[in-house]
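Take the sequences, apply the hints, and build the full model.
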Amino acid sequence: MEALSVFIGLVSHPKSAFAPSRGSGGLSAQLAVALDHIGIKSVTKVNNVNFFDDNEFPLTAKMARESVRQEIRLESEWFHFLKKSEGLAHSIRMVGRHTRYLLDWRANSKTQELRRLLNIEYSHVDLYRAAVASGSQWAVILEDDAHSTDPAGLARGLVQLMHGPGLPKYINLTTSFSLSKIGIEPLLSVVPDVEWAGSEQCRVLRSERPATNTVCAIAFTCDFLDLVLADFDTYANEPVVPIDWKINASLMRLWDQGVIGPDDCWFVDPGPVAQLSMIQNRAHK
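Take 60 as the starting number for the sequence shown in this note's numbering and just add one per residue.
Please keep in mind that the hints were generated in silico from the structure rather than gathered at the bench. Hints are supplied without guarantee of correctness; some may be wrong.
What the hints assert, rightly or not - Derived DSS-like pairs: lysine-lysine, alpha-carbon spacing no greater than 25 Å straight-line: (1) Lys74 to Lys142; (2) Lys104 to Lys74; (3) Lys169 to Lys121.
Below is the structure:
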């Protein structure tokens, strides 16, 4: 069997509230050490720059409004992609989204949010390209609010899944939103003969259709990341949408092309990686 190699990428920026995660106590560094202890080669890249500021171009109020409109469109397309029936709750939610968009016209015309979204997108895409260029088999892409109480267990669990039979194209590692909230539970089933080797009690689930939770912590095969990048390069960068939705849009297109199929997407549930910003937001509500 070919020796496993892993690229670890961390998305951060200079003003991040989670700046300590870029150091030796952060998850990316801890995961690299844990992988090394079990004989797995890894390479780590930490992005700590404002990519948009380094590649700045004019942003307009029209671009900001179209960004919000496109996210609403994608949410509706995603709903149908996941094979959900057109229900009253969905219709009410979409009417509410459109109504808030119209009522918040002035707020939706501000370009500050576009700058933030582009910074995050550029950082993710830069890491995807670096992962493919590294020649690694797998890439673990983390945002700087990703946290694990047991990096050694996370490393063991990942290695077991990356070496096992019937490998997926990517693995969701965080449960930022419950699987019921993102509405994919009917698509999920336990992967036969595969157990999570980490210290936490987790299920390994496969999905009939590719889906994401958030992009806080995902492990991709680098071959699949190469396909995602090719898809990104094929389509216009505007309207700007959050990187989560950009990935979802790509997954829908790759599904239609037959590039990704049933069971190529896995979830570890509950996710062994916590998203600290989500936890803090819930605590403040």
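Against the structure, the hints come out as follows:
| no. | hint | verdict |
| --- | --- | --- |
| 1 | Lys74 to Lys142 | violated (40 Å) |
| 2 | Lys104 to Lys74 | holds (18 Å) |
| 3 | Lys169 to Lys121 | holds (9 Å) |
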